[in-house]
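Q: Listed below, chain by chain, are the residues.
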Amino acid sequence: SDSGASNNGEGSEDGETNASGKQLKIGMSFQEMNNPYFISMNEAFQEAAKSVGAETIIADAQHDVTKQINDIDDMIQQGIDILIINPADSEGAQAAVQAAHDAGVIVVAVDAQAEGPLDSFVGSKNYDAGYLAGQQMAEDLGGEGKVAILDGIPVVPILERVEGFKDAISEHPGIEIVDIQNGRQDRAEAMSVTENMLQANSDLDAIFSVNDEGALGSLGAVEASGKDVWIYSVDGHPEAVEAILSDGPFKATTAQFPRDQVRVGLGIALAKYWGAEIVPDEIPIDVKLLNKENAEGFTW
Amino acid sequence: MMKNITKSFPGVTALKGVSFNIRRGEVHAIVGENGAGKSTLMKILSGVYQPTSGEFFLDGRKVSFKDPKEAQLSGISIIHQEFSLIPYLNSVENIYLGREIRKANGLLDKKKMREKAEETLKRLNADFDLNKPIAHLSVANQQFIEIAKAISIDTKVLIFDEPTASLTGNEINNLFKLIETLKADGVTIIYISHHLDEIIHICDRLTVLRDGEYVDTKDVAKCTKQEIVKMMVGREIINVFPERPSHHQFRNEIRLQVKKITNSNVSDISFDLKKGEILGVAGLVGSGRTEMVRALVGADPAEEKEVYINGEKATIKNPTDALSHGICLIPESRKTQGLILDMSIKKNISLPILNELSNRLKIINRKRENNIVNKSIKDLLIKTPSSMQKAKNLSGGNQQKVVLAKWINTDSNILIFDEPTRGIDIGAKEEIYRLMRDLADDGISIIMISSELPEVLGMSDRVLVMYKGRVQAMLDGKEATQEKVMHYATGGVNQ
Amino acid sequence: MNGLTMKRNYKEMFKTPEMLTLIGFFVLCIIFSVVSEEFLSLTNVSNIIRQVSINGILAVGMTFVILTGGIDLSVGSVMALTGTIMAGMMINVGLPPFAAVLVGIILGAVIGYINGAFTAYARIPAIIVTLAMMEIARGAALLYTGGYPLSGLPASYSFIGQGYLFGVIPMPAVIMIIVFVVAYIILNHLPLGRYIYAIGGNEEAVRLSGIKVKRIKASVYLISGITAGIAGAIMSSRLSSGQPMAGEGYELDAIAAVVLGGTSIAGGRGHIFGTLLGALLLGVLSNGLNLLGVSPYVQRVLKGAIIIGAIYYSSIRQKD
Amino acid sequence: MNGLTMKRNYKEMFKTPEMLTLIGFFVLCIIFSVVSEEFLSLTNVSNIIRQVSINGILAVGMTFVILTGGIDLSVGSVMALTGTIMAGMMINVGLPPFAAVLVGIILGAVIGYINGAFTAYARIPAIIVTLAMMEIARGAALLYTGGYPLSGLPASYSFIGQGYLFGVIPMPAVIMIIVFVVAYIILNHLPLGRYIYAIGGNEEAVRLSGIKVKRIKASVYLISGITAGIAGAIMSSRLSSGQPMAGEGYELDAIAAVVLGGTSIAGGRGHIFGTLLGALLLGVLSNGLNLLGVSPYVQRVLKGAIIIGAIYYSSIRQKD
Ligand SMILES: Nc1ncnc2c1ncn2[C@@H]1O[C@H](COP(=O)(O)OP(=O)(O)OP(=O)(O)O)[C@@H](O)[C@H]1O
Ligand SMILES: Nc1ncnc2c1ncn2[C@@H]1O[C@H](COP(=O)(O)OP(=O)(O)OP(=O)(O)O)[C@@H](O)[C@H]1O
Ligand SMILES: [Mg+2]
Ligand SMILES: [Mg+2]
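Protein chains in written order, with the numbering used here: chain P, 1 to 300; chain B, 301 to 795; chain R, 796 to 1115; chain H, 1116 to 1435.
These are computed hints drawn from the structure, not numbers from a lab. Only a predicted model underlies this, so the values are computations on that prediction, with no experimental measurement involved. Some hints could be false.
As the list claims (entries may be wrong) - Simulated restraints on C-beta separations:
(1) B/E612 - R/P891: 49 to 55 Å
(2) P/H101 - R/A917: 36 to 42 Å
(3) B/E480 - H/K1327: 35 to 41 Å
Ideal placement from N, C-alpha and C gives every residue a C-beta, glycine not left out.
My request is simple: use the sequences and hints to build the entire structure.
A: What follows is the structure, given as structure tokens:
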């Protein structure tokens, strides 16, 4: 099977080399690698790096920002030239960004913002993602109903999605948020939590989940209960797309573009590496609402 | 002085209104059957338990102790029947536990503690490596640590709860000398033992307890052994040891042949065991008796070992193999090797025979289990409210009986008893001796390790004497005398 | 005397840890059913049992292990690994569900046996062996799936995790009850069960009783591996996919269920139905708090406080 | 005879579990320095020590607890809670760093004492108490911060976690070494240390020696709370923020360090420098695997396998 894990550079002879004549080394530190989202991000990263003949090193922080810092320290030790960081936490990653910067490494954050002397940041418009899903929900519900939020791990992108969603809902006084529970972005956990939410709120109309993994768990619970509760979410996970197309309770998800994020990020980093002095501080990548009408054929 | 002391445990009343006096500076013995309440009474005096009712006085003042420390501060120390040492700490650390000597800067003064501990142990004539964790010391040496711990405090009253149960010859003599010295220093000593000879030897007065009740207090000089036994048991016991059959019915059938057992503790042990005989094993503490039998049954590894059963070679790598060849070892330490303290008496007794008690589906037949267990409780006179009582709530002697019951039920035809009567009262001893003899008469072969010479001499058909991990002599039971055995046990050669 | 003993025994029974968990359990149920009308509804009760089932099944294996004085931290990872392997067998290899589940359970048993062998024969502390196995199994699950959940399971497979027996009893609950009954029989009516308790009480005494202690110690980890495999089947069926990251932290929940159920963490004492109660108590707690709409953060605080409070209250009752 | 005993002691010393971890540690170091040239560079060594420091400090408290036969599963959460409270004290209350750290450490001590009180006085199994506390502290940290990391710490505060002593020794390492030395003195030169070992060996016997066992048992959890507080300070300084979700799963790493360091999980035996070795071994392992560029999934498998293999190898050596 495709592990999606690191390979130590293909070592193409005419690859990109740095000042000392060594091969270009690019490190990428992921906040997690157990989700197709980050795995497709990694695939795009590997392809892009290979096309410029660079050696790659990747690390999985397993949601622990301290581990992420340690991983990055170790990457710096290995002499990377570029660091693409997908921070487990924006504040927490600061020491790593600083250390990399001090070591002369070009640092670009993708997917989530990081503090510290970044060269650039490329990320989804998470607020928009929540907002768009909320709008779609409100529209589908006709401006009336009781809805719940299935929250996740409290990191900035997730919190922004919830904020965006809440803002969209607040524009519709007929819709009431009756419950907020935490599914920890985990399918099994989300399923149990949703079962309980459905029990506690027998007149629930819709659920917003902060990501598709959670939403897919909710979907199982909703289908099992036989209730007519609609699900909205963020990500664009292949299974979510499939569920939306099957005309079940899963109505819409705001898709992100993980491959594009890392491609753009790497592109900026390379530009810096080649000597560009001015690059954008921040490149927000648009998100796209997927529903039954337009989900066909979407893939990360 | 004690007045009306009563102590109840769930299901048992261990002491019922006990009152008597102990005089200052005397050596006072407490005797009684297993479970009579001796240890419980001592635990009350030393602050381990609080009495359910009743009170006691020290030097005329009423005292009551919340915990052992208070008792110690009032000058009462105890050496418990069951050791209370810390296995992974060394001797010095154990002796000074809770009373550490510190330097002016607050740190431990290890050097001073060590010196003082050496001094104390010298008083006891004990000599061993003070740096070893005490788990690596023999039982006897652990006993010395217990004693050293108690006498290194300034005590007015010192309680010994069966101190000699794990000592032999010399060490007992050392202990007696020590008691004499302490007595001369004005220390009051309370001495519990099942060895009446010892009591007659060193005690001034004795008090008898029976079933938690006070029976009587007497001057030792004024009563005979027979009278004491009668007070304890409520009947006369003329001869503890059953008659040895003069002609042996199975005389020449060799059941077990052991050749050249060698490991780190014993070397080149060879002997044979006949059908229906009791082979006594004598030797000083540390002579390797326990090690020999453990190696024999595969509880410890052996570098070299050949075992023949009924002439056929048997491979015994672990106790399971031994059991399947009909050999079982009844270990010397009931608490650490014999019993599952948290389990009921019933489950303890049936443990080795569960497979035989199960049907084809491997389901345990509860009824058969109950029958066997109840029979054992009756046969061995185990004193307990029910077979469901946890083993840890039994008195020491009754625990020992449970261990015996456990093994006797396995239907093995070679039984190895390691100190079978340690801590058992004279009445029960008689039962156990009779039981052993009956087993032997039924054709079962018995190896009996014992540190009590009278027991070895009284029971054995032959006596094997060990010295420093080797077989020093094999004597005929009827010709063996105390002198002869001691001669070999101390390293003597053929006279 | 005898009457007195009886009465006392009866009273004592009331003070066993299981009994106290039972009281705690009922108290919680009463409180929740008063404050939330949905709590006692049929669907909610069946929800609770279904939610409890995975933890309950893992806790059965954990009970065996803890009774011998061991611990198994690998159950969550092993569940994830067996679940993904089952999914893979159906999706990539095309095995029928029954065979795939069997393969997964056998794998669980093998992993359990490896845990057991290192613990019992090589005498490495169980906590180290199973902690290492927790990493190994997790890594293996991620490697096997490449980090993706494996989806596209046959529709029939969903019965195990999502179906109902007689249309009302959730299948996971049925499986859990079967597992508990089998465990009860092993622990209380077979020699093996006695040996397990006895080893937890005093290993040396059991060894000298001629019992193959090492084999039995290894076997409890094997049993725990099997229950992890069963849980893996339910999990993958419930989630309609093999999730390589499933079950993180489940080891602690399983341990909590066992210990709440009155099994001594040092081994030797405990009861399998105590474990069931412990698992139910934990399940009722999160279900009830969810039903009441308590904020997730506050839930964590309350959950901890209620567990500690319940046990404390019980332990006080136990004393008097 | 005496010579023989000496020789045995010497030989035995070589077979103590610490010694075996030491051997394992050196073997790993040698392998890594052969295959990776960066491994033994000054900056990498200082990286390793810095990376080890948080786990090392938590493991010190854990050693105290485990020596008495207990366990503390709450250390990771308590670290997160104290870290966020420290951050909050500086950011919202405006306390100077020193005072804020003090508040956090005191909080850690109080939480530890609560753990200890429930364990020692109320006799609730430590595993339950600290599991509950793990949830409570985590929930409290999330409640306190509203889920967001608290940022905006004074620049001077970064010294603790990111600074260097004499420009070369990372501050976290300095703090860790101080903690180890203090722990060494307590455990080996104060009566308290003796009692801690003794309680793990035979609690009843210690009680019979007139020592206040409960107080000492409570105190080890207090100590563990303090070390969690110290780790919280380093963590928040290293991350320039109070992270409510920090430290998940750290309890298991700390336990692994302690047990790898040769401390018996049943209590009574062990050495604080063994714990340091255990922590270093774990640190070297992940650092080395990272330097070799091993894939993250494979790393998990290898990490587990190497731990188990190292201990197994040691235990074989121990036998002969
Ligand atoms: N903790 C306890 N719980 C319940 N019963 C107990 C407990 N301790 C002792 N007993 C019971 O109290 C009675 C007296 O026990 P004790 O240990 O005082 O006897 P003993 O005279 O010292 O006997 P031995 O000579 O065998 O040591 C026994 O029946 C014993 O089973
Ligand atoms: N746990 C142990 N560790 C190291 N050496 C031991 C241990 N136990 C016993 N020994 C040593 O083994 C030898 C014989 O042991 P032991 O004292 O048990 O013999 P014994 O003849 O059975 O005496 P007894 O059973 O009366 O104590 C002694 O040299 C003793 O020091
Ligand atoms: Mg007694
Ligand atoms: Mg012996």
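Q: Now look at each hint and say whether the structure bears it out.
A: Checked hints:
{"no.": "1", "hint": "B/E612 - R/P891: 49 to 55 Å", "in the structure": "53 Å, holds"}
{"no.": "2", "hint": "P/H101 - R/A917: 36 to 42 Å", "in the structure": "47 Å, violated"}
{"no.": "3", "hint": "B/E480 - H/K1327: 35 to 41 Å", "in the structure": "36 Å, holds"}
Hint compliance for this structure: hint 2 alone is broken.
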